[in-house]
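What follows is the residue order along each chain.
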Amino acid sequence: MSELPSTPLPAPFPAAGNITDADREELRRHGILMTSLEELYNWGRSNSIWPLQFGLACCAIEMIAAATARFDIARFGAEIFRPSPRQADLMIVSGTVTKKMAPQVVRLWNQMPEPKYCIAMGACAISGGPFKQGYNVLKGVDRFIPVDIYIPGCPPRPEALLHGLMELQKQIKREHLTGADAARHTRPEVPSEFPIPAYGAHDLEPTMNPAVWKPAPPLPRSGKA
Amino acid sequence: MIIAAIDSYLEVAPLAWRDAVVQWCPEPTQWLVHHLITIVAILAVFGTLFAFTPLAERKLLGRLQNRLGPNRSGLPWWQNGPKLWGLTQPFADAVKALTKEDIVPAAADKLLHFLAPVLIVAFSLLTFAVLPFGRHLVPVGLDAALLYFFAAGSATELAIFMAGWASRNKYSLLAAMRALAQVISYELPLILSVVPIVLIAGTLSLQDIVLAQGFWTFGFLPHWFVFTPWGFAGFLLFLVSALAESNRSPFDLPEAESELIAGHLTEYSGFKYALFFMAEYFGLTALSGLGVTLFLGGWQAPCAFLQFIPSWLWFMGKVIGMLLLFIWIRGTLLRLRIDQLTRLAWQFMVPLTLINLGNAAFWSLTAGWTGPLQLVRWGVSLAIIVIPFVLLGRRLSAGRHPRTYRYAAS
Amino acid sequence: MLGSGIINGLIVTAKNFVGSYHDPKRMVTVQYPEERAKLPENYRNFPFLITENATDPMGTLRCVACQICEKECPPQCIYIEKSKDKKPDATGKPQLYPAVFAIDTSVCMSCQICVEVCPFDAIKMDQVFEVAATDRFTGLLLDREQLAKPNSYFHEIHPTDAAEVDTRLATERQAAEEKAKAAAAAKAAAAAKAAAPKAAVKPAAEGGPTA
Amino acid sequence: MSVSDLSSFTPSSGPTVRAVKDPFHGDLLEVSMGPQHPSTHGVFRMVVTLDGEVVVKLKPVFGYLHRNHEKIAENTTYLGSMPYTDRLDYLCSMTTNWAYALAVEKLAGQAVPDRAQYLRVILAEMTRLVNHSCLVGFLFNDLGTSFTPLLYAFREREKILDLFEALSGSRMMCNFQRFGGCRVDPTPEWLAAASRLVDNYPRFLDEYETMLTANEIMLARTQGIGILDAKLAVNAGITGPCLRASGYNYDLRKVDGYGFYPRFDFKVPLGAHGDTYDRYMMRILEMRESVKILQQAFRDLPGGPVMDPKAKIRGFRPKAGEAYGRIESPKGELGFYLISDGTPNPYRYRVRPPSLINLTLLEEMCLGHTIADSVVILGSVDIVLGEVDR
Amino acid sequence: MESLEQIRDRLLARFPGATVTLVTNPGVAAEHSLLLDAAHGAELALFLRDDPALQLDYCSNATGVDWPDKEITDVKKTTVPDPAGGAPKVVEEKTKHVEPGCLEAVYHLYSMALRHGPVVIRLRTANRSDQVKLPSLTPVWRSCDFQEREIYDLYGIVFEGHRDLRRLLMWEEFKDHPMRKDYVDPDDYEWEPTPHAAVLERAKAHYPVPPAATPPEAPKP
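Protein chains in written order, with the numbering used here: chain A, 1 to 225; chain B, 1001 to 1410; chain C, 2001 to 2211; chain D, 3001 to 3390; chain E, 4001 to 4221.
For reference, chain A alone in the conformation it holds in the complex (with noise of 0.2 Å):
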């Protein structure tokens, strides 16, 4: 078996660690005040995280499972789940966004506040997911709004919800405020709203935003007939 080549991809789940302490390191780099600053601001942000309270599909049930008493997201401190966009922190695209529904995920985006965060909960929010050749279903949610975490499972458990937010929280734990790898959302040339996709004849116009997806580079593969 030795002689295939080796797979190109990293090990199965690279889970997102704690802070490392070369990622420390690089912390005091930046400074003891700033760092600390830095800290309570994540700190401020990862224990306070409202999500939106908008279930697309079948994950929303099981997002709303989630916040009920066996799981309980309220532990993190997630349980107030805001139904103005205006107050949310996290939208968690919790089912299949049709493209009927785009323009209105992207404008739910649009209107939330910096910064904010999305997790894409469940096959369908990632890649369309089992409803992938659908002509009414988007494939993945990441064709028009940036992605932070990917949660696959049809449904993913609401354990592996809170492992998802977890991993959010982590992310956002070793986010810089300054600096070349700042955060999103302190670097005014980012982006954070936009263009919404209008309804066509056919589909979508445009069907994806390029600033926003980068399409997978093709594996090598021979390509079977």
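Be aware that a few hints might be false.
As the list claims (entries may be wrong) - Derived lysine to aspartate or glutamate pairs resembling EDC-like cross-links, with alpha carbons at most 16 Å apart: (1) C/Lys2015 x D/Asp3206; (2) D/Lys3231 x E/Asp4050; (3) A/Lys170 x C/Glu2130; (4) C/Lys2015 x D/Glu3207; (5) C/Lys2038 x C/Glu2156; (6) D/Lys3057 x D/Glu3030; (7) C/Lys2025 x D/Glu3156; (8) A/Lys214 x E/Asp4188; (9) C/Lys2093 x C/Glu2177; (10) B/Lys1170 x D/Glu3053; (11) B/Lys1170 x D/Glu3030; (12) D/Lys3057 x E/Asp4050; (13) E/Lys4175 x A/Glu205.
Stated by the list, open to error - Incomplete in silico selection of chain C near chain D, CB under 7 Å: (14) Leu2002; (15) Gly2005; (16) Ile2006; (17) Asn2008; (18) Phe2017; (19) Met2027; (20) Val2028; (21) Lys2038; (22) Asn2042; (23) Met2109; (24) Phe2137.
Claimed, not checked - To list a few chain E residues with every Cβ distance to chain C over 12 Å, as calculated: (25) Arg4010; (26) Leu4011; (27) Arg4014; (28) Ala4030; (29) Lys4133; (30) Glu4173; (31) Pro4186; (32) Asp4187; (33) Asp4188; (34) Leu4200.
No wet-lab data here; the hints were simulated from the structure.
Since the model is a prediction, treat every value here as computed from it, not as a measurement.
C-beta atoms are modelled at their ideal positions from N, C-alpha and C, and glycine is treated no differently.
Put chains B, C, D and E on the given structure of chain A with help from the hints.
Okay, now just chains B, C, D and E, sitting in the frame of chain A:
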């Protein structure tokens, strides 16, 4: 003896500390420092209380719903440190709210949109000026404190209307209209429900009203107004009106999450939203403080022998108890509709408060009845309020009752 | 009387509040991630491939690249390319193996149909659900190496099912061996007879389970 | 009900709308509720015209979750559509599975063993418990509670989902029924646990009812609101608890007697007023009847296989023809209409969604009520968007 | 309930100008149906609803079916006597003709009052392109309201007499009728990680042109 000394020191401790600071300042600024310290103290104490009330609400609601509530926030700068039972949650929320982008809708009335959250916090803070927090702790000893309280308190609804109008959002507009209807309907029963107190105590000064409740039968039965028939009825009426005035469930119509998204708050983000949040809890705390002052003996201890505990602790304890009651009600009840809300006010609350006023008059006239007459006094007074309650209640819920159903076997 | 219904409701919630401190039925929170409810044996999330030998996972895949699962998968999330050569499988029979076996977990709907249709018990459902990733393609598109998990792992997560499969495979293997032995004996006999060389043309071991 | 008065009825005349500009009342306000709204149960949208707070016009807008289930199913094998049916009505996948299996079995003439029939009844009734308790929870959310009843309902739902997960491997998307039986045979421990749960369920219902059924605000908010006339309801194809709340006795478990329902002793609760309160109570009473059915089923569950040995999993090709199979799903009549042309894929695959058709009269029910009532009426109809839009 | 033949006969007797055909269902379910002519569809439906013996007051399901044009090869066998006096020869003559397709609306009717059913009725359009009008049965059964809008949306059958015939599921600007068999969905494919069959074909168009030189990892064993 020592206990008594410590007690009397604790009682005046806040004042003593303030005076110490004031004396340390140069003479011409002393009056300013004196008032500033008072203001800062109120802001600090009730600010802290505000910080923890939403946390308590979230935890208590969690417990009501068989779950835990926030418990994992921990500390900044100490990532894997203790979780501190989530006690730092409010600070995380505050940090987040402060650093959130502030969006003003393009179509909004910019000035009103900005003014509304500022005004609502200002108005709700003004009411704290007249509450007697302890035996010696009265920020402003107004003679007409009660009038001042209602005047300042009802201005918050104006701010809600401003917020709803300025947002240029249909949901906000509906909420603004609801808020106005609600405040006009419930201002009357709220004031009428406390008039009996004025009648009995013979004063509008809140401190004097508290002092009027500072007696005990046998040393452990407090003479709080809530323990009289008219007082109890008045307390319940006050409670309902207070819930409506502070837009709390079951009267949270302006916010009405399931109908109007977030009502007047729909277009507010970041810190402006936090200000509304703050004002809601300040208003709630102030109304709780008023309820405690008027009906629950204010800073008075429930039993004579418990007086060694400083009076301001009693006050705070009672206020917190009232807040928990509000949260409990929120965790259980559902929301009324706007027409039912106003009907409740005009057809039920207003008549009952008026009858209760007569009841208090009766109580005041029969103050001399003793012995077996005392029983008659209680009986008559109870009847005066219970019979109209039952009759009006029947009228209010006419035709609505749990039903029985038939079954088909096939 | 007006208000009695409201008071009843308040009593119920108060009971739940008090109960949450002492009654496990009224405090049902499982504090993930520190506490975890035990997953039932049947729980399924994403498929994985079984290898016989953990030390040589790619060499001992049970999968023979028959592509039935690829065809039956309703959302079409499986991609298989057959190998060009054959390798002996567990029973020693030369079989094809998947040169490429990819599952897109961002499409998979966890329906278990691939498991049901697999005639070789080569694909089974995994129970790992903590799979959140920050990149859709590198994190969620799993290839052969990431999918292969040893049979012992299968025993760990689905003990009943795994035991059944092992017994079944053992009987099949035994049957195959006996058949092979019989065939070999027949062949030997035939060779001994040194007549009709055509008898040996038909390979004996090709009667295993096929699609 | 006589038929003559039905024919006089003209459904084409729309509801009256106060469209004229009335200087006395001011302008009408058009509010678009949804597709993102806390009370539209997903991505449903209502364009509501308000006169003050009163609804004078309500236009439902669908399609925000139209994910082409029927088209995909026509390009998939019969078996391949089974997991998709889970995602139709994602609160009750067991009943949608059954409805589809029933239609295919009718199409192919496939027999089902006794044990599987009993198991299907058990799972369908447990699904009814899940669906109705969740619905009631959501309804109270629409009525303005702070999630408490919903969370109590979900607490019970979790217990049932645990059982579903232990049996089928997934909490929500069970993918459990097959053409000719069920996929897995439950263990005795599972049956014992399920039976225990069912025996304890009435206690939860009692607590729930104590908490809310006689609540004065609840009565004021629901009684006399959103009245649905039985004649109109029949003509508009309203089925399930909504129809029975209007007093019309039509329950497919009794009418069609599909599965083994004729073997069970249960009654059908009927409402008298057809208002929101009746629709709520129908759910509560049906749950109590479901408990009775479940207790009988656990008592009488026979042994034997759960899958017809002659049934085919792969290469399933029914003879050319068509069939319409329907069951009483918790939401109403759920039907599958299949046309086979003898190939492995159905030629036509159609879902008759009770949620969509029960919304036909939404406007009539909401007119004249306030915006607050209209969300409650919508909540009491019980829709799931996966099924409405498919 | 009467048999479908009886119903057909009664309908024909009542409405002499109408054509009602029995469409048999060869399947196991044997749910046969009645094909009503489009011109009289509404009256016939009203009769079915109001007839005291039938009382089909409940239209459970209304749906569309697309029958595309079919190219049919007819084999015509003619026996030609051999002029030479031998055995007659069988000559096969193959002709192709296109059977015009149609769009079909299928209604499943039940009686709630008498608890019988289903009676399946069908209405067919003349063709699939320009003559796609059918009478709306919404005035008869209100339950067809949304379902007929859905058929209009997905199949393109225009229901005359429907009170509010707009697209139900797709947006207003949408031009196609996606449930038709010849519908081609919009080309939003790209590199698909796990494609096969039709999807692979569609996706291939979006694959980058492979470089002429052999990539280092490309050759698979």
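Cross-check of the supplied hints:
As the CA atoms of lysine 2015 of chain C and aspartate 3206 of chain D are separated by approximately 14 Å, the hinted pair is consistent with the 16 Å bound. Distance check on the hinted pair: lysine 3231 of chain D and aspartate 4050 of chain E sit about 13 Å apart at the alpha-carbon level, within 16 Å; holds. For the hint pairing lysine 170 of chain A with glutamate 2130 of chain C, the CA-to-CA distance comes to about 15 Å; that is within 16 Å, so the pair holds. Under the criterion of a C-alpha separation no larger than 16 Å, the hint pairing lysine 2015 of chain C with glutamate 3207 of chain D is consistent with the structure, at around 10 Å.
Annotation: proposed proximity of lysine 2038 of chain C to glutamate 2156 of chain C holds, straight-line Cα distance about 13 Å (limit 16 Å). Between the alpha carbons of lysine 3057 of chain D and glutamate 3030 of chain D the distance comes to roughly 9 Å, so the proposed pair stays at or under 16 Å and holds. Taking the CA atoms of lysine 2025 of chain C and glutamate 3156 of chain D, the gap is about 10 Å. The hint holds against a cut of 16 Å. With a CA separation close to 14 Å, the supplied pair lysine 214 of chain A and aspartate 4188 of chain E stays within the 16 Å bound.
Using a Cα cut-off of 16 Å, the hinted pair lysine 2093 of chain C and glutamate 2177 of chain C holds, with the two alpha carbons roughly 10 Å apart. Pair hint lysine 1170 of chain B plus glutamate 3053 of chain D holds up; C-alpha atoms about 12 Å apart against a cutoff of 16 Å. At roughly 8 Å between alpha-carbon atoms, lysine 1170 of chain B and glutamate 3030 of chain D fall within 16 Å of each other, so this suggested pair holds. Between lysine 3057 of chain D and aspartate 4050 of chain E, the direct Cα distance comes to roughly 31 Å. Violation of the 16 Å bound is thereby established for this hinted pair.
Restraint check: the Cα-Cα separation between lysine 4175 of chain E and glutamate 205 of chain A comes to about 14 Å, which is no more than 16 Å; the hinted pair holds. Of the supplied interface hints, the one on leucine 2002 of chain C holds, with its beta-carbon coming within about 6 Å of a beta-carbon of chain D, less than 7 Å. The interface hint given for glycine 2005 of chain C holds, since its Cβ lies 4 Å from the closest Cβ of chain D, which is under the 7 Å cut-off. About 6 Å separates the beta-carbon of isoleucine 2006 of chain C from the nearest beta-carbon of chain D, less than 7 Å, and the hint is met.
With a cut of 7 Å, the hint placing asparagine 2008 of chain C at the interface with chain D holds, because the nearest CB-to-CB distance is about 5 Å. Using the Cβ-Cβ criterion of 7 Å, the hint placing phenylalanine 2017 of chain C at the interface with chain D is not satisfied: the shortest such distance is roughly 10 Å. The interface hint given for methionine 2027 of chain C is violated, since its Cβ lies 10 Å from the closest Cβ of chain D, which is over the 7 Å cut-off. Of the supplied interface hints, the one on valine 2028 of chain C holds, with its beta-carbon coming within about 6 Å of a beta-carbon of chain D, less than 7 Å.
Among the interface hints, the one on lysine 2038 of chain C is violated; its C-beta lies about 10 Å from the nearest C-beta in chain D, farther than the 7 Å criterion. Using the Cβ-Cβ criterion of 7 Å, the hint placing asparagine 2042 of chain C at the interface with chain D is satisfied: the shortest such distance is roughly 4 Å. The closest approach between the C-beta of methionine 2109 of chain C and any C-beta of chain D is roughly 6 Å, which is under the 7 Å cut-off, so the hint is satisfied. A least Cβ separation of about 23 Å between phenylalanine 2137 of chain C and chain D goes past the 7 Å threshold, and the interface hint is therefore violated.
Every C-beta of chain C lies more than 12 Å from that of arginine 4010 of chain E, the closest at about 46 Å, which supports listing it as non-interface. Leucine 4011 of chain E, annotated as away from the interface, keeps every beta carbon of chain C farther than 12 Å; the closest lies near 43 Å. Distance check on arginine 4014 of chain E: its Cβ is at least 48 Å (rounded) from any Cβ of chain C, clearing the 12 Å threshold; non-interface status holds. The Cβ of alanine 4030 of chain E lies farther than 12 Å from every Cβ of chain C, with a closest approach of about 30 Å, so its non-interface assignment holds.
The Cβ of lysine 4133 of chain E lies farther than 12 Å from every Cβ of chain C, with a closest approach of about 37 Å, so its non-interface assignment holds. No Cβ of chain C approaches the Cβ of glutamate 4173 of chain E within 12 Å, the least distance being about 29 Å, so the stated non-interface status holds. Distance to chain C confirms proline 4186 of chain E as a non-interface residue, since its nearest Cβ pair spans about 18 Å, more than 12 Å. Distance to chain C confirms aspartate 4187 of chain E as a non-interface residue, since its nearest Cβ pair spans about 17 Å, more than 12 Å.
Aspartate 4188 of chain E, annotated as away from the interface, keeps every beta carbon of chain C farther than 12 Å; the closest lies near 15 Å. Distance check for leucine 4200 of chain E against chain C: the nearest CB is about 9 Å away, which does not clear 12 Å, and the non-interface claim fails.
Going down the numbered hints, you'll see the structure goes against 12, 18, 19, 21, 24 and 34, while the others check out.
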